[in-house]
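Participant: For reference, the chains in residue letters:
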Amino acid sequence: MKLLRTLILRPLRRDPLRTALTILSVALGVAVVVAIDLAGDAATGSFRSSMETLGGKTDLRILANGGIDEHWIAALAALPFNARWSPVVEGQAAISGVGSVPLYGVDLAGASGIIVPDGLARRLGLTDKSALPVTVAGRAQEFHVGKIIDSAAEFIALDIADAQQALGRFGKLDRIDVTVGPAENFAAVEDAIRRTLPSSYLMQKPGARNEENQRMLRAFRWNLRVLSYISLVVGAFLIYNTISISVVRRRAEIGILRAIGAARSTILALFLAEALLFGIAGAALGVVLGRALAGATVGLIADTVNALYTTSRPTPVALTSAEAWLGIFTGAAVALFSALAPAREAMQVAPTEAMSRGAHEHRARLRWRRGLVWSAGFAVVAAAASQAEQISGYPIGGYAAALFSIAAAAMAAPAVVIAVNRGTRAVARRRVESLLAARSLTASLSRTAVVVAALATAIAMMASVGIMVGSFRETVALWLDTQLRADLYVRSAGPAATAEVHPPLASEVPPILAAVAGVAAVDVFHGLEFHYRGERATLGAGNLEVVRRYGRLRFLPGQNRDAILRSLPGQDRAIVSEPFANKHNVHAGDRLTIPIGERNVNLTIAGIYFEYSSSQGYVIVDNSTLLKYLPNQPATNAAVYLERGADAARIQREIQLRTAAYGVTVAPNATLRRGAIAIFDRTFAITWALEAVAIVVAMLGAANSLLALVLDRRRELGLLRYLGASARQVSRMILTEAAFLGAMALLLGLALGFALSLVLVFVVNKQSFGWTIQFHPPLGLLAGAFLLVWCVTVVAGLYPARVAARLNPIDVIHEE
Amino acid sequence: MVESRLELRAVSKTYRNGGQPVEVLHEVSLAAAAGTVTALLGRSGCGKTTLLNLAGAMDFPTSGEVLIDGRATASLSEPELTALRRNRVGFVFQFFQLLPTLTVLENVELPLLLSGTRNSLDTARDRLRWVGLEEKSAAMPYQLSGGQMQRAAIARALVNSPDLLIADEPTGNLDTASGDQVLALIHEAASRFGATVLIATHSAEAAAIAGTRIMLRDGRVQSIERR
Chain A
1 MKLLRTLILR PLRRDPLRTA LTILSVALGV AVVVAIDLAG DAATGSFRSS
51 METLGGKTDL RILANGGIDE HWIAALAALP FNARWSPVVE GQAAISGVGS
101 VPLYGVDLAG ASGIIVPDGL ARRLGLTDKS ALPVTVAGRA QEFHVGKIID
151 SAAEFIALDI ADAQQALGRF GKLDRIDVTV GPAENFAAVE DAIRRTLPSS
201 YLMQKPGARN EENQRMLRAF RWNLRVLSYI SLVVGAFLIY NTISISVVRR
251 RAEIGILRAI GAARSTILAL FLAEALLFGI AGAALGVVLG RALAGATVGL
301 IADTVNALYT TSRPTPVALT SAEAWLGIFT GAAVALFSAL APAREAMQVA
351 PTEAMSRGAH EHRARLRWRR GLVWSAGFAV VAAAASQAEQ ISGYPIGGYA
401 AALFSIAAAA MAAPAVVIAV NRGTRAVARR RVESLLAARS LTASLSRTAV
451 VVAALATAIA MMASVGIMVG SFRETVALWL DTQLRADLYV RSAGPAATAE
501 VHPPLASEVP PILAAVAGVA AVDVFHGLEF HYRGERATLG AGNLEVVRRY
551 GRLRFLPGQN RDAILRSLPG QDRAIVSEPF ANKHNVHAGD RLTIPIGERN
601 VNLTIAGIYF EYSSSQGYVI VDNSTLLKYL PNQPATNAAV YLERGADAAR
651 IQREIQLRTA AYGVTVAPNA TLRRGAIAIF DRTFAITWAL EAVAIVVAML
701 GAANSLLALV LDRRRELGLL RYLGASARQV SRMILTEAAF LGAMALLLGL
751 ALGFALSLVL VFVVNKQSFG WTIQFHPPLG LLAGAFLLVW CVTVVAGLYP
801 ARVAARLNPI DVIHEE
Chain B
817 MVESRLELRA VSKTYRNGGQ PVEVLHEVSL AAAAGTVTAL LGRSGCGKTT
867 LLNLAGAMDF PTSGEVLIDG RATASLSEPE LTALRRNRVG FVFQFFQLLP
917 TLTVLENVEL PLLLSGTRNS LDTARDRLRW VGLEEKSAAM PYQLSGGQMQ
967 RAAIARALVN SPDLLIADEP TGNLDTASGD QVLALIHEAA SRFGATVLIA
1017 THSAEAAAIA GTRIMLRDGR VQSIERR
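From first to last, the protein sequence lines are chains A and B. Heads up, the first sequence is in the numbering used here, so the first residue is 1 and it goes up one at a time. Heads up, the second sequence is in the numbering used here, so the first residue is 817 and it goes up one at a time.
Next up, chain B with everything else stripped away, as it sits in the complex (with noise of 0.2 Å):
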């Protein structure tokens, strides 16, 4: 039996809503190995952003375990959770969230220098020229089109070879060319860097290249479909 790097054991989560509890994850369970491309399918609303944020230790379950690599995320310290997100865990998002202040390179940079890694311009290049984007690494992002803000984004997120790969609506922001670019790399992140991808999508080309899909419906697990 394949280990899971990532688990969930009946996960849910409720927010408070004017004072109104409001559940937004009802007891969801599922697990991802390595070199995994897990997506997750459903409306807008019904908990996906909220599962990847569970998932990437940024936040934590009303009731059920996160697992990563069989750790619960809930009895990290804080210090234990700053390290866990900096060395383990990768994320993309939907806004690219490229720092407009920061060249393209020192973008993908950043991970690596929040973590005082040495060398860092040297693995931000290679991650760069992975990408394609080593010709725009003096580039402010705003001179960017979106698909290369979001392949720098990638560029980013694996900068740290992270063991998880976490990425909301990738494509949502995109046309179909830079879309798919877009996935190839993450598809390309799994199987070459063995990052285990967890990817919260609408589009039917990212769900494409998942090995699971999950499909969520107001916070619960309607499907899983293996291929």
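Next up, chain A with everything else stripped away, as it sits in the complex (with noise of 0.2 Å):
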């Protein structure tokens, strides 16, 4: 303990300053962990709808896509069991001021009257028999209040017959809630059920629908967390710098401690101690960190998670002693680890050793070329490991060949710092600042290199998932120009699109969209949530006639756009998106059983087009095909296309006019896609701020390296000022050490974001998601992250070098 005393946080004290940055380092590392998982914990937290607040505890949930006929719940009521039928329909209502809340139908016994929860009805100022106008499947109604009930969710509830009328849904249910008798057997009652509903109907046990949920959210939340890592791993590499520097400059005092007797274990455990430390410290800080920044995440998450999964509601950020131990833990565990590699060095100095630090790192110099040999090995091993094929849904083998691609680039990082220095010999040697520089990173090879190693990391991280977002961004921008062909898009003036609800159309509207003088075409489309292999899914529904006619569906290399579509119309074939086919494994030609209606219907892949809207997936059939099962189905949503030269501006209006009674809103093609740019841009804005996290955690080491380099430097500084330099001079050259640091991060940094952008795009979103993205980097963006990044370490070097400055010449000069 007077050791750790003595010889660790003694200098940790007369360090403060850097002592400071490495906490603060592994703080924010560890609070980009715990915030990611919070944050997604509360975004992704209550799936729970607003419908069991009201309807209390429920054994099974009967569902099917395109309703329930409502006999079946005298069939139902008919079975010799005490349970509970609970009928149930849902739908939207929008009220002024407030937006869609939930409407739901349900059982009460004819009462009159809408019930409210008291959160609402205060917003709304209604009181009991207020009146309430409403816009429900696209028609203004009016509903009274007929009893206010306790309760923090947003909805309505009204008796199921007159939801039917409002939402025009008659003779249907969306769903049975079944509550089984505590007497029951519940196996019997289940198996009874099932012989008598249609087999295509599907029985959901409580909290089913929640590990759907998040079993389809897991990819997303896995790679989010992946993705947080980043910046536990640059500090990873600036813990293990900051040990090896402690060990370095503690070379002598361990020899010394060797030769009067100090085991081997000793040593070891003295920097591990040290690096506990830091761990222990900055994993706390970081927890707290974490919580705060988890607040200021979720909404991201959750909006990500509402455009293109499921609809949430955010929970409270809630940080348990578990989760905040765990992140300690965390944060101890990665000090440890990274500092085993110095630690143990440390334990090898021999008693006898008084090894000079030029003799030392000469020796990190002989040691360049075996760090290349490992850089090709591990470079060969990450390229096995992405070939490998997904584990459950993980793409593991992507994970791994990140890992191994860092590992690679972190063993050349040391032969990067020798090729730049022999690369700029003679643009070094015209300014004596540039000369000391260049030879003074070399001279430090070893710790140069974990700086450069580290920075590259961050700035690899930061280029790949820039390419990988670029790319995506762009392939996205290529498909909706070709999926979105129409002119004007029509749907229901429900909530906002989400990427399971699917409000109807008044069924009134198509005929009328076809009607307008100018529109060339109507496609109108159905939109059902379905199950298939236990996985959410959309079975969509369209005139793929006029898909084929004015569309440009782009459809998997060799496969005949004109000849699939035209073979779907009045037939048991369908069309499948790319991530569907990907996600359960089905070709062309293969057959699907997809529930529809009542029926278990089989389908014939005709074809797999390119699709990026939901990595759930896609399976279309013509209208002929789903009205063939599900007669009444309302469509979903109408693409209007116009005649050529007619005036969209003019039939938008004229559209709005004609349907004002049935609350649609039209949208032009390009509001379309500004919208769903908008919606990928906020998509990918957590990814930015994560990769910011993790630069200024590289800038952080970079200062602190650089810092450490100033002070163990600081009597060949001082001799600087013997030999005629000016403080500005000194100061110019630690500058020019960060712009070579910069420099020399930003090239290994370029090749390995090069290589694990290839990873990310073509193993990690491919296996995760199921889509095929195309290569584009952008360029533009890329350079300018480049500079600012470059600029940003050359500021990093502002305050070292203001110290190398102020360094009083005579007293380091005359220290030793």
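Worth flagging that the hints you see were computed from the coordinates, not collected in a lab. Relax, there's no trap hidden among the hints.
Not everything, but these chain B residues come out facing chain A in the computed CB check (under 10 Å):
{"no.": "1", "residue": "T865"}
{"no.": "2", "residue": "T866"}
{"no.": "3", "residue": "P895"}
{"no.": "4", "residue": "A899"}
{"no.": "5", "residue": "L926"}
{"no.": "6", "residue": "L928"}
{"no.": "7", "residue": "L930"}
Even for Gly, the Cβ is constructed at its ideal location relative to N, Cα and C.
Bring the two chains, given one by one in their own frames, into a single complex with the hints.
Facilitator: Structural data, given as structure tokens:
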């Protein structure tokens, strides 16, 4: 303990700034991991429908796409069991000043009036018997408040018959909630229900929906989590660097300790204890920071979940003590792991060794070739790992490839430092500051290489994610060009579109659209949720002849678009989106069994088309096929193609006028595209935020290392003043070192980033989400980002440069 | 009368140690002309190194004046001091103080590079040749012996043809043969390049090359011996 205090704690106290920088680096790394985890939990924590608040405990839920015919209630009620069968219809009600809220039709035994939660009632100033004007299923309607209940959720509920009338869904139920009596044999009841209802109906236990949502979000959350580990990886490099510096600076002290009888294990324990101190202090701070960051992040994640996956209501961010301890444990473990190599090196210092740093660094310089061989080995392993198939839906091979690529780059860092030094020798000699800076970095190769590797990792992450997002964005933009060919898009004026909500379009609307002068064709689309092999997906139906004539749907290479689309109308044939095909490993020509209404329909896959709006996937049939099995299924939206030269703005106005009574929104093509790109950009906003933190951590590392270099070489810096260097020259030398460090890190980071981007685009994304992204690096953006990073690295050198310039040469030259 | 290139007039220097003033030098006066060697003798801690730092304009007296060619160092601005150190003063240290990251030639060339002098490489080679280390130009300092390192340090100190060469225990870390070589070079610096040499030493051999020997004791001049 005393040794720890004198050999480790005292020097740490002497360098408070460096100590603080190291702790802050770990803290930021841990904070990001904690924040993403907490925010992810909060953003996806509540898929509980507000209906559950209303309906109480349910044992089983019966669902069917296209709705359940209500006559099945009577059939179920006739079963000889003590069970409650609660029919439910669901819709959306648009309330002025509030937006859309869920509308539930439940069995209220004919009670009149609607049930409103007290929060909503207060917001709208409603009391008993108040009138509430709403728009439901495109029609303006008025309800009267029957009861105000205690609930934080926002919804309205009314008797099922009134709801069916309001929604125009006569005879149809969205689901039946089943509560089985306590004395009944649950399995027997379940079996009887299964035998009574059509086999295409789905029975879900409570929590199944939630599990399904969590499963659906698994890849999204995993990728976010992995991204959040970047800062921790960068932090690990910095811990390694700090402990390495600590060991190098104290080699003589270690030698003396060993000479007076300290065991190797004592030395190892001392340096691991130093790392542990950094780890625990940083992680504790990180947990607190992470809790604060989570609050700011939850909205971003919730937006993405709602836009791309399913409706979720964010819950408050909750940090449990278990999560806090896990955060601290993670930080401590990463710190210990990072310190293992330098601590082992310290342990091996011989008692007689009084090796100077110069000789130690000289030995490091001789090892760069060995590092290069290791680098090549890791690169080969990375390439092999990238070829591995996904494991249980996780792109484990992809992650391993990324990790080995980082290892390969780290091992190549010394060679890069030497190569840059050799390559810039002629230029560096032109100014004494650059000559000294370049030499000093090479002379401190072991630590320069670690800083370069840390900074390069952060830069590589930025570059690779930048290339991935840029490529994805370009791919989506190109896809939107081919997918969104119609001039106007019409949908029910319900809630903002989310992935799983398909509000119906009033049946009067499609004929009105077709009758407007200047309209060439209308593609009426039906969207329904269905389950395939336990996974949720969307069953869509459209007028595929219109799509064939006007659209530009792109199919996988080798598939003939025209022939495929011609083969669908009237047939049990479907096209499936690429993510669906990849997720379920199906191919053109395969047969799918899809539940449609009361039938399980066998559909032959006619083709696979590119699609980027849902990783869950689409199965698309012609309207004629869907309506054969679900004759009264309402459309959900319509795409309107105009005649050549028609005035789109005039036609939009006319459609809005003619459909005013049916509550629809009409959006021109450009608006829809802008909206799609806006959703895309919002989705990836958090990615950029995570990268920014990784870069900040790396910058702290650069500042920390430069400061260490300055403090370590203060005698040399003092000597320069004796030899006639001005304070400004010394300062410029340190800034030049920062610039060199930045340039080397950019060089290595660019190479690593390119490799990682290939892994992200072609392995991780493909295996996680199933879509093919075309490679479109955003060169301008990357160039700007690199310039910024380089400038920030130079800025990180400002304080160390100031310290160097202010050193008193007399003090430092006679310090020995 | 020969004009003094370096002159110390009643120079005192006081440091603070734990808040307490410690007088390291007390009213020391000396004068040294161009081409002469002056040795500072005395025990460790008697103020030799402090005096050298004052003479080399690295530090300033608490009272009294240090004059180089008649100008008080304390009156010089920071750029003037930098220029003075670059062009007119050369330092040699006990522990050589070569930069481990530069080759021997680059170490010698460094003062010229810092002052932006042209043809620095030729001058540096010339000085290396003079100290007999031309074949070690490309070597790194750790590849040299102690004597070779100190010879390289002398070449570096004289690369600017300084008016003042300040050497702090230049042979303190060398064997006798190497020490003799180094002392011969220092002596030649005065006789050949006309430098005013101020050398702090414990060694009788080093003192032997000096025309003036000043014995310091507890920061005061105990005796001055001229040959």
